[in-house]
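This is what each chain is made of:
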Amino acid sequence: MMTMTTVITGIAFVAVHLVLAYFVFRYSGRQKAEHVEDNPRLERTLLLITSLLIAIMLVPGLFAYSQVIAKPSDRLVVEVLGEQWRWNYRFPGEDGIFGRTDVRLITSDNVFGIDPADPTGADDIVIVGGPLYLPVNQPVLLQFRSKDVLHNFWVPEFRVKIDAVPGTVTESWFTPTREGTYQAACAEYCGVAHYVMTSEIHVVDAAEFEQWLAALPTVAQAQE
Amino acid sequence: MATPAAAAHAAHEHHEPQSFWRKYVFSLDHKVIGIQYTVTALAVGAIGLVLSWLMRLQLGFPGAVGAVNPTNYYQFMTYHGLIMVVYLQTAILLGGFGNYLIPLMIGARDMAYPTLNMLSYWTYLLSVILLLAGYFVPGGPSGGSWVLYPPQSITAGTPGSGLGITLLLASIAVFVVSATMGGLNYITTVLQMRTRGMTLMRMPLTVWGVFISAVVALLSFPPLFVAGVMLLFDHLLGTSFFIPTVNVLGTVLPHEGGSPLLFQHLFWFFGHPEVYVVILPAMGIISDVMATHARKPIFGYKAMIVSMAAIGVISFIVWAHHMFASGMNPFFGYIFAATTLVVAIPSAMKTYNWLLTLWKGSIRFTTPMLFTIGFVSTFVIGGLTGLFLGNVAVDLPLHDTYFVVGHFHLVMGVSAILAMFAGIYHWFPKVTGRMMNETLGKIHFFVTFLGAYLVFFPMFLMGFQGIPRRYFSFDLVAFAPSGLDAVNAMVTVAALAVGAAQLVFVANIVWSAVRGREADANPWQANTLEWQTPQIRPGHGNWGPKLPEVYRWPYDYSVPGAARDFIPQNEPEVAVVSPAAGPEPEGAGR
Amino acid sequence: MTEHQQAAVAGGRRSAWREIVADFSRDVRTYPFGWSKAMMWIFILSDLFVFGGFLAAYAGARMAATQPWPDRGHVFSLTIGGAEVPLLLIAIMTFILISSSGTVALSVAASHERNRSKTAALLGLTLVLGACFLGMQAYEWTHLIHEGFLPSSNPAGASQFGATFFMITGFHGTHVVIGLIFLARVLLRVLRGYYDRIGTWEQVEVAGLYWHFVDLVWVFIFAFIYLI
Numbered sequence: 001m002m003t004m005t006t007v008i009t010g011i012a013f014v015a016v017h018l019v020l021a022y023f024v025f026r027y028s029g030r031q032k033a034e035h036v037e038d039n040p041r042l043e044r045t046l047l048l049i050t051s052l053l054i055a056i057m058l059v060p061g062l063f064a065y066s067q068v069i070a071k072p073s074d075r076l077v078v079e080v081l082g083e084q085w086r087w088n089y090r091f092p093g094e095d096g097i098f099g100r101t102d103v104r105l106i107t108s109d110n111v112f113g114i115d116p117a118d119p120t121g122a123d124d125i126v127i128v129g130g131p132l133y134l135p136v137n138q139p140v141l142l143q144f145r146s147k148d149v150l151h152n153f154w155v156p157e158f159r160v161k162i163d164a165v166p167g168t169v170t171e172s173w174f175t176p177t178r179e180g181t182y183q184a185a186c187a188e189y190c191g192v193a194h195y196v197m198t199s200e201i202h203v204v205d206a207a208e209f210e211q212w213l214a215a216l217p218t219v220a221q222a223q224e
Numbered sequence: 001m002a003t004p005a006a007a008a009h010a011a012h013e014h015h016e017p018q019s020f021w022r023k024y025v026f027s028l029d030h031k032v033i034g035i036q037y038t039v040t041a042l043a044v045g046a047i048g049l050v051l052s053w054l055m056r057l058q059l060g061f062p063g064a065v066g067a068v069n070p071t072n073y074y075q076f077m078t079y080h081g082l083i084m085v086v087y088l089q090t091a092i093l094l095g096g097f098g099n100y101l102i103p104l105m106i107g108a109r110d111m112a113y114p115t116l117n118m119l120s121y122w123t124y125l126l127s128v129i130l131l132l133a134g135y136f137v138p139g140g141p142s143g144g145s146w147v148l149y150p151p152q153s154i155t156a157g158t159p160g161s162g163l164g165i166t167l168l169l170a171s172i173a174v175f176v177v178s179a180t181m182g183g184l185n186y187i188t189t190v191l192q193m194r195t196r197g198m199t200l201m202r203m204p205l206t207v208w209g210v211f212i213s214a215v216v217a218l219l220s221f222p223p224l225f226v227a228g229v230m231l232l233f234d235h236l237l238g239t240s241f242f243i244p245t246v247n248v249l250g251t252v253l254p255h256e257g258g259s260p261l262l263f264q265h266l267f268w269f270f271g272h273p274e275v276y277v278v279i280l281p282a283m284g285i286i287s288d289v290m291a292t293h294a295r296k297p298i299f300g301y302k303a304m305i306v307s308m309a310a311i312g313v314i315s316f317i318v319w320a321h322h323m324f325a326s327g328m329n330p331f332f333g334y335i336f337a338a339t340t341l342v343v344a345i346p347s348a349m350k351t352y353n354w355l356l357t358l359w360k361g362s363i364r365f366t367t368p369m370l371f372t373i374g375f376v377s378t379f380v381i382g383g384l385t386g387l388f389l390g391n392v393a394v395d396l397p398l399h400d401t402y403f404v405v406g407h408f409h410l411v412m413g414v415s416a417i418l419a420m421f422a423g424i425y426h427w428f429p430k431v432t433g434r435m436m437n438e439t440l441g442k443i444h445f446f447v448t449f450l451g452a453y454l455v456f457f458p459m460f461l462m463g464f465q466g467i468p469r470r471y472f473s474f475d476l477v478a479f480a481p482s483g484l485d486a487v488n489a490m491v492t493v494a495a496l497a498v499g500a501a502q503l504v505f506v507a508n509i510v511w512s513a514v515r516g517r518e519a520d521a522n523p524w525q526a527n528t529l530e531w532q533t534p535q536i537r538p539g540h541g542n543w544g545p546k547l548p549e550v551y552r553w554p555y556d557y558s559v560p561g562a563a564r565d566f567i568p569q570n571e572p573e574v575a576v577v578s579p580a581a582g583p584e585p586e587g588a589g590r
Numbered sequence: 001m002t003e004h005q006q007a008a009v010a011g012g013r014r015s016a017w018r019e020i021v022a023d024f025s026r027d028v029r030t031y032p033f034g035w036s037k038a039m040m041w042i043f044i045l046s047d048l049f050v051f052g053g054f055l056a057a058y059a060g061a062r063m064a065a066t067q068p069w070p071d072r073g074h075v076f077s078l079t080i081g082g083a084e085v086p087l088l089l090i091a092i093m094t095f096i097l098i099s100s101s102g103t104v105a106l107s108v109a110a111s112h113e114r115n116r117s118k119t120a121a122l123l124g125l126t127l128v129l130g131a132c133f134l135g136m137q138a139y140e141w142t143h144l145i146h147e148g149f150l151p152s153s154n155p156a157g158a159s160q161f162g163a164t165f166f167m168i169t170g171f172h173g174t175h176v177v178i179g180l181i182f183l184a185r186v187l188l189r190v191l192r193g194y195y196d197r198i199g200t201w202e203q204v205e206v207a208g209l210y211w212h213f214v215d216l217v218w219v220f221i222f223a224f225i226y227l228i
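Residue numbers (this note's numbering), protein chains in the order written: chain A, 1 to 224; chain B, 1 to 590; chain C, 1 to 228.
Take the hints with a grain of salt, since some may be wrong.
To be clear about the criterion: a stretch of chain B counts as covered by chain C if any three or more of its residues have a C-beta under 8 Å from a C-beta of chain C, and this derived list gives those stretches [as the list claims (entries may be wrong)]: (1) 188–199; (2) 513–523.
Simulated crosslink set (DSSO-like; lysine-lysine; CA at most 30 Å straight-line) [claimed, not checked]: (3) B:K546 x C:K37; (4) B:K546 x B:K442; (5) B:K23 x C:K118; (6) B:K442 x A:K32; (7) A:K32 x B:K23; (8) C:K37 x B:K302; (9) B:K23 x B:K546; (10) A:K32 x B:K546; (11) B:K302 x B:K360; (12) C:K37 x C:K118.
Quick caveat, the hints were computed from the structure, so don't treat them as lab data.
Positions of the beta carbon are idealized from the N, C-alpha and C atoms, including for glycine.
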């Protein structure tokens, strides 16, 4: 999509400028101008060509978008909490269910505001500030929350981008296909330290990921 | 004609204001108000320009200017954006050019309601004062970025989230009131005050541009006013329109249940049409300047009007393309991508028509013409890059990166500013009776135009690399390519050069206004009515005892068989033997 | 083929459009009345977008609210003789405001006949009705504030209810105040014979237009905030 748009607009840019340059040099004020008011046929032709080119870019773009927003079925769910100015992550633990949260319960020891009364929260795994490890070739569904202002989780290589909006949960998903170290940066202005809000992401093989996750303490363990 | 307007005008002619204050300060004359608007807007614009230097210095040479820190960087960013978009461009293109040109171009003695017009300027000045007052209150001005997204803009993590943001929102509300008063005048004047023979389809495109832009402004500023008032309530009265339960820097705020997305919808319902509020008068100015200096009718006059109107209408149904990554229902992506790409069609038509106006023309390379050609170039690249950002799947990776910065600066920043310069160089002889210096003008053009490309073209490449915008420093960005620092330094140098070129412009204005070559009545040999006034610098009431009468459209350039290569709109005798010419208004001269 | 021939081929519908365009774009004046009336219509269009924005924001805030929306029948009720009558006050207010639209329309009709005393009397009646509306609104506000309704919170449910209520009715009330000042000015000028001197009574109609608009907007506010 990106390539096609770049090619079409690139050609249009060069063509228009060549025509512009040619006209500017060819018709510089030596001769008398011709009185031409309009040419409906030419205008219609140009209109048609432009509309076609726009359609060529738009239609595949919309199909590509439908794939972008189609949720993967077999997915690893990770919750991402944006706060001024760091990224925090949470895995649902053994039971696969995130414990209930409330912004009013947030403290420095409980950055997600997990409700201690909810038993499903006890085995959740919380990572404050990163880094986050993800298994390669495994579709990942990120659920975003924010405790204060708008943030945006942006890893250029993953190509997806969505705001973390306080008061709601937003989602995005992707499948990392190459192992390595990446970085998430904040792409929605979030206050005076917006530019330091980065976090490391490691894409590793499944075994290494399991090992990393197993070594992390659950919420219950961390409280002991 | 026993209307109040006629009565008022009759009264005016006998009581031309004599005192200095009534004549130059609290003036009701549209020309004085237009100049007041222009000078004020340029002065504020100079502040906006200096702020951009300070930001560029930090980005190009981090730490070199020790006084720039993240707090004031984000304050500069906020004020630069708001000043340039609202207080410079909107004010100068509507308030400056609109006020000065509309009555002159349609053959009226003044605006419909001169008192309201004067109030519009003084309210604008008040809004500017409120804006700048932010720098003199405890906590400093707001650093909430020009889009002012809550909760960020009114919470503690953002600079100036106390009095600063209060003043900023008040200033915006006052500006909306001012723009409404101005817009009412522009629209009413165009509809009701045209001179005999000046049908709508004989108006110069500048008037069309300002007219459509004023309509768009009158319908799009209300949501901004609403959003501003609601944000002010959230800030001062503790309401929860836009703020859910949040914990900001360790404090739970007393809000619950608000929706941050609601603000974004209201803001962009204003914000996108605002782009066209700025660019439509620019398009009109470019069309008139180009036709005059290429000695050729504007190609496809009707298509130009239809495409401007189409742009105006479509601008109201594209706003959510600014919100593709905002977390709104993803289904909206389809609709708004489609409507957004449709805008490209009328915009492309206008570009073709400008090119075809040059085709077989007789181009005079005057300074205004150079700026016009420059406009076509920057408008094309700005418009084409818009096709990336409107197409939702392509937008997502580019959203909030430097690609966006490059795009909107070229399409509505640089393009509209180039049109503004074209207009200033073109109409300067009308305003002052003196020509501007061509050599200085050409230096100004080439540095500005080439500099603009050097500044903004690299930003597209930075955007492809994913470099996010609104970053004080890229030190912590691991995915920044190694050449980024060098590119940023180059961009900064180019930006400073462009800034220096504006000093040449200011020097040229000052010098030419005092010492410039004296202008003829019609130095560019233009057809439009403003050049046909009895005095070179039109006096009070513009037209002397009798209003001009219009017999033709404004683009009778290089008519075959005519004695001269232009026929002013108020020239009655049909100089050409034209079979279509008849007594009815539509036929004559077209 | 020239444009004219094409138009002939395209037939009647297109030429009807052309006539409309020609009619609208004729010289000197698009609309056959003074500029102030045209300006008022354009202002009303713009102001409609302000109220539209407020009401759209109301809908948005109400949908986003996390607490239950208060029961308006209970909130806006008057207790008369121990019985709670829902929406009584607001029904009277709405009736008064709509009646004032009627009196201002009659006043405009009288102004067309250049009947000074009748125009003035009806304008005066409109002023009285408008002032009654404002007085009752002031009573409603104080009543609600006494019961603990504030922009930031209220005892009946979602805080956005109080916020939107005070914001929107307050903004409308400001319009009523401006309308009263406008009507009073026009009334004075009618009494002094100013419009006979300048030869046009159009200002009465312009003031009437504004007043109708303020009333029309009230109907929507009434429906959205009090009923739905």
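Is K37 of chain C within 30 Å of K302 of chain B, Cα to Cα?
-> holds (29 Å)
Restraint check for K23 of chain B with K118 of chain C, where alpha carbons must lie at most 30 Å apart | violated (42 Å)
Is the straight-line distance between the alpha-carbon of K442 of chain B and that of K32 of chain A 30 Å or less?
-> holds (24 Å)
Are at least 3 residues of the segment 513–523 of chain B within less than 8 Å of chain C when you compare beta carbons?
-> violated (count 0)
Decide if the proposed pair is consistent with the structure: K302 of chain B and K360 of chain B, CA atoms, cutoff 30 Å inclusive.
-> Answer holds: K302 of chain B to K360 of chain B is near 20 Å, not above 30 Å.
Regarding the pair K546 of chain B and K442 of chain B, is the alpha-carbon distance no greater than 30 Å?
-> Given pair K546 of chain B, K442 of chain B is violated - Cα atoms ~39 Å apart, limit 30 Å.
Is it true that the CA of K546 of chain B sits at most 30 Å from the CA of K37 of chain C?
-> Holds, because 26 Å separates the two Cα atoms, which is no more than 30 Å.
Can you take a look at whether the segment 188–199 of chain B is actually covered by chain C? Rule is 3+ residues, C-beta closer than 8 Å.
-> Coverage by chain C holds here, the residue count being 11 at a Cβ distance below 8 Å.
Given the proposed pairing of K23 of chain B with K546 of chain B, does the C-alpha separation stay at or below 30 Å?
-> holds (22 Å)
Holds or violated: K32 of chain A with K23 of chain B, Cα cutoff 30 Å?
-> violated (44 Å)
Between K37 of chain C and K118 of chain C, is the straight-line Cα distance small enough, at 30 Å or below?
-> At roughly 22 Å apart (the allowed maximum being 30 Å), K118 of chain C and K37 of chain C satisfy the hint.
Does K546 of chain B lie within 30 Å of K32 of chain A when you go C-alpha to C-alpha?
-> Since the Cα atoms of K32 of chain A and K546 of chain B sit roughly 35 Å apart, the hinted pair is violated (cutoff 30 Å).
In summary, the structure is inconsistent with hints 2, 4, 5, 7, 10 from the numbered list given earlier, while agreeing with the others.
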